[in-house]
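K.L.:
Here is how the chains run, residue by residue.
There are 6 protein chains.
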Amino acid sequence: MRLHVANPNATPAMTDAIAMAARSATGPGVEIVATTNETGPPAIEGPHDGAMAVPGLLDTIRCQDAEPGTAAHVIACFDDTGLDAARCTARAPVVGIGEAACLVACQLAPRFVIVTAQPVSVQVITDNLRRTGLGARCEGVRAAGMGVLEVEGAGGEAALERALGSAARDHPGAALVLGCAGMAPLATAMSERLDRPVLDGVRAAVALAEGLSRQGLATMRAGAYPLSRDVRGRA
Amino acid sequence: MRLHVANPNATPAMTDAIAMAARSATGPGVEIVATTNETGPPAIEGPHDGAMAVPGLLDTIRCQDAEPGTAAHVIACFDDTGLDAARCTARAPVVGIGEAACLVACQLAPRFVIVTAQPVSVQVITDNLRRTGLGARCEGVRAAGMGVLEVEGAGGEAALERALGSAARDHPGAALVLGCAGMAPLATAMSERLDRPVLDGVRAAVALAEGLSRQGLATMRAGAYPLSRDVRGRA
Amino acid sequence: MRLHVANPNATPAMTDAIAMAARSATGPGVEIVATTNETGPPAIEGPHDGAMAVPGLLDTIRCQDAEPGTAAHVIACFDDTGLDAARCTARAPVVGIGEAACLVACQLAPRFVIVTAQPVSVQVITDNLRRTGLGARCEGVRAAGMGVLEVEGAGGEAALERALGSAARDHPGAALVLGCAGMAPLATAMSERLDRPVLDGVRAAVALAEGLSRQGLATMRAGAYPLSRDVRGRA
Amino acid sequence: MRLHVANPNATPAMTDAIAMAARSATGPGVEIVATTNETGPPAIEGPHDGAMAVPGLLDTIRCQDAEPGTAAHVIACFDDTGLDAARCTARAPVVGIGEAACLVACQLAPRFVIVTAQPVSVQVITDNLRRTGLGARCEGVRAAGMGVLEVEGAGGEAALERALGSAARDHPGAALVLGCAGMAPLATAMSERLDRPVLDGVRAAVALAEGLSRQGLATMRAGAYPLSRDVRGRA
Amino acid sequence: MRLHVANPNATPAMTDAIAMAARSATGPGVEIVATTNETGPPAIEGPHDGAMAVPGLLDTIRCQDAEPGTAAHVIACFDDTGLDAARCTARAPVVGIGEAACLVACQLAPRFVIVTAQPVSVQVITDNLRRTGLGARCEGVRAAGMGVLEVEGAGGEAALERALGSAARDHPGAALVLGCAGMAPLATAMSERLDRPVLDGVRAAVALAEGLSRQGLATMRAGAYPLSRDVRGRA
Amino acid sequence: MRLHVANPNATPAMTDAIAMAARSATGPGVEIVATTNETGPPAIEGPHDGAMAVPGLLDTIRCQDAEPGTAAHVIACFDDTGLDAARCTARAPVVGIGEAACLVACQLAPRFVIVTAQPVSVQVITDNLRRTGLGARCEGVRAAGMGVLEVEGAGGEAALERALGSAARDHPGAALVLGCAGMAPLATAMSERLDRPVLDGVRAAVALAEGLSRQGLATMRAGAYPLSRDVRGRA
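Protein chains in written order, with the numbering used here: chain A, 278 to 512; chain B, 278 to 512; chain C, 278 to 512; chain D, 278 to 512; chain E, 278 to 512; chain F, 278 to 512.
In isolation and in its complexed conformation, chain A is listed as follows:
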């Protein structure tokens, strides 16, 4: 089984980190193909970056979707950038890491709290939670106050740990959700240090995507997600 993980931004180092996290959460016989959106912004920080990333992201999805054996796509930005449009672009199912992380968190605790990188992302994530209904399970969305591309440095790791620790203290019964794809490499270490589940959307999404494929499920075309004209036009 071949799963496509699409990094909507233009930073290849982030794609590599995402691919490694993805590979750690899949079963035997699953191949992870990770792509970078070369025409996207270096990082997605806020609604303007998100909107500008979508056309290039849809190109990578359309391209990978045409490859034989592609079973599902994962959009590796916690904002679930372009998720609905991608579902209209791909024949295979599409999973967003933001929604996936929250769904999986709900299996481990009744409530969760999200820690993202930038304040500008808080409202984007909050809006997504309203649409998915999962806001009812979310005790808060916070920003650690660092750039998306600063997460992996030593300062970033310390700042993230401080922000997660503070969230854990304020929300003693809530699972922690990492609100940025760039945080994926730190999930395991943070979970150990804070002694509670720390959810990474990349792993959550590839596991969900693998499961969708094993169940033989496909995006529903009637209603919200018809295939776009250009895709329907292909053989």
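Calculated directly from the structure, the hints in this document are not laboratory data. Honestly, I wouldn't trust all of these hints.
What the hints assert, rightly or not - Just a sample of chain F residues kept apart from chain E, beta carbon distances all over 10 Å, derived:
1) R279
2) A290
3) G306
4) D326
5) D342
6) A362
7) G417
8) G424
9) D447
10) G500
As the list claims (entries may be wrong) - Per the computed footprint, the stretches of chain D lying under chain C, defined by three or more beta-carbons under 8 Å from a beta-carbon of chain C, are:
11) 331-337
12) 354-362
We put the beta carbon where it would ideally sit given N, CA and C, even for glycine.
Following the hints, position chains B, C, D, E and F against chain A.
P.N.:
Same frame as chain A, but now just chains B, C, D, E and F:
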């Protein structure tokens, strides 16, 4: 005062109709400048069209925002396509016709019902209502079952009247909201035939935008809508 | 165009301040007529004052509604006292400053916070937000802890600034909404000092009311707001 | 124990019917005192009637509250007209029949449906349900389409039975709630004919009020319901 | 009238305290019969204890329901343990003390806050509030951090007073609700010390149950609460 | 990897069918162990059956949890019977098929509709949706009107197809969710006949459970799901 009305699709006839509706709802001394998004799809039907329209739409907004005297922008698609990104792109306030129509409907009746053109738009609009909180006032979102570009023909007008009439019968206490910018020319006739308020988002949005400017109000930059890097970089 | 701004309380100095704010937010050719409810309480602080103010308020609305050229009415109490009853009393549309301020705030930021004068008003405003659906956008309703008639004195201005500043710190992404008509004269100064939008319902409501009239819209009579028997009985 | 049941309208025959229903639901040693609001409208149909009824209603409550032994007040209009203001007027607790009927219905079935007399009352009741939170349990609010004062005639009884029967068919798992004080005399007969609980707010409210008194509970003064100035002024 | 108060846990001293509270809130001619669930856990702390208590609890209810004159049952655990199952087991109505306390609190203040004993109960109570709709009125659910069986000791009383006092300061407009049946003996003292209503679910539930019986109301069988096969099988 | 699928009822044929569905949705190297709750009711129809099934269900979970290599548990009743208690009983994560089916449905369509077997289950499922927040995505819960053990017969299959077809017509944009574990064998056939996704909770839950294990995630113990005393007492 100069108000920019941005048609996010590439159909100039629709831009003309929108501009005419806009001019009918503004006070003395207000100039309406309407633009067409030449790189957008002919019509916006669903999330894929919406996503592909945004970069070109933001270009027209950035360009008009730099014109002296531009007091506000209106995005003339009921899906409020790219609204948050536009608020990060323009120095002047930005109003979406979908949210505007619903807000104004709430001044005339406690509840409203929306009739859009295409079934694929129902979920886009429903999601927006969840984000804005106005879903609590909305009794339903329906599709008349016609293409966006078919609204103005004779068949389109009849189909719209049937759909509005049916919505009025099923929701006897609700104002009617036209869920597509292309329906703007028909608002007055439909209101007379159905004997209840029929809201057109284009008129609602330009009236709101004019009011924002008279109150001297500007988009709040802290939080969700910081100016994007490229705009900040300009003088 | 003639807009009637009704002060539901009996304090003429407050009526004057409200009228001045109203005039600052309207376009050319708009006349503001402001009335005082001589039989009302000196200030509306809580549900008892609100209930007792309504019959006199409806009298001023009925009277001004009969004047030729009255295009709309504004109820200048943030509690939106008697709003539904007024819509059943006037032939012209009626806008409440509480709902108007919140609607306009939603054009500038995704979230807002309200600062009113008295603790007893917090629940009245909270209940209104539940009815309008705008509670989904509201991060909190606070009281500055001063009498309605104390707002304009030097102590009142300082206390309001402290309360707004505290709300701004606790809600870094939210627009500020003044939760009392008596605060209208301070809106511009507060916005400058706090460097974010500070919404005044009086200005918001007259701008909305002017816009309703320019769109040719009228209160919907079927359903919730039939004209009351006594008004229907008039020629 | 003395319970005051206040009929907010001016129709003594309705007061008599309400008093009889009230007496059928109280325990030994409870005296029901029922008053008519002589300055109110003949019936409360919509928000205008409701607003005009409140000052007279508050007078009867203030007067009865001063009588020794008054343990609680019931407002016998399903709209819960003036409920918050009454709580600021009386030293004893105040129960509204609309909220009471819904609370009691929730003890018998997970969901309920309300049948009121006039379409104009549907939104008033719907707004109350939003404020109380009980809208989550309510499957619908319907109007039987008769005047409040027509309920007790032969035609009224037949129309009510038709409306309740239709609601029962459409909502097979919901208890039925009578949405008008004038329907109180018909509750038992309707419950027998339709073979499911039919809730009458008058009985529900006096039972709740009796229970409040037996528990020694009083309206909370801090926050929303301070005693009004004039009552505080009395000895 | 005979009311059955079922203590779902196996601690007879708690049953005695509950029975005493129950007797203080009923009218003349009401007999309280209190039972202990001998096969239940010593105290119900969390969902596991709750689930294990239900079969024994249903036995006591089935048994008491067969006694002549039993008018209603009260489940004396704030978690409303087994409430729906009990409604399918008893011919007489069943009231849970958790829902009852919140319903009665809503008659005294627009909002309430709950203080329970153990952190593990917070989510159980929160889930119940979501199901009943009363979460809209609840400002928070807190744990005092003591075992259910420690409440009545001197340390327990002091800890409860601290927790209630802290809740009162943080929620100045909210009634206080005791979130554990074991707190019933302390309600009156706490209300006096904190000078605001302190609701005890045991008293609230028996008063509601007595009222249901006086109104002649019975659990609705169509829909959610059919009588279970074994009860139907009895004569 | 060993996954335990617990059938909470006492019908071995249903356990066999559930195990077969589970095996069809797992990856290489996953072993499914299915157990029958021998002390449970033959089928779970309503809250009384559900409550009586839990102690035996927890026994099977406790027993399987002690087996080396058990990676997760699945509760194979759409009511998610005893889910929270099970999370307090097992060291491994626990997934309920009701919540799992709805979560997976949300990856394929923005909305879903549930078709269960018995009317008595509608409220149980509705209450669960309120607790999980997924009610916001659910357009309705319907009963096909057959016994849980009748689903697999020829008449059951025809009745289910009729009920699903009717749900599909009424909800043209919603995925279909099978609301009963006994329907698992029919999922693929129904999806083909109705040409849209038909979700089976058994498959959804085992796929989720496998994914949880691959991500190395465990139930969070702080807050809602502490290990019960008896399990903690074991080595």
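K.L.:
To test your reading of the hints: which numbers does this structure violate?
P.N.:
Violated hints: 4, 6 and 10; rest satisfied.
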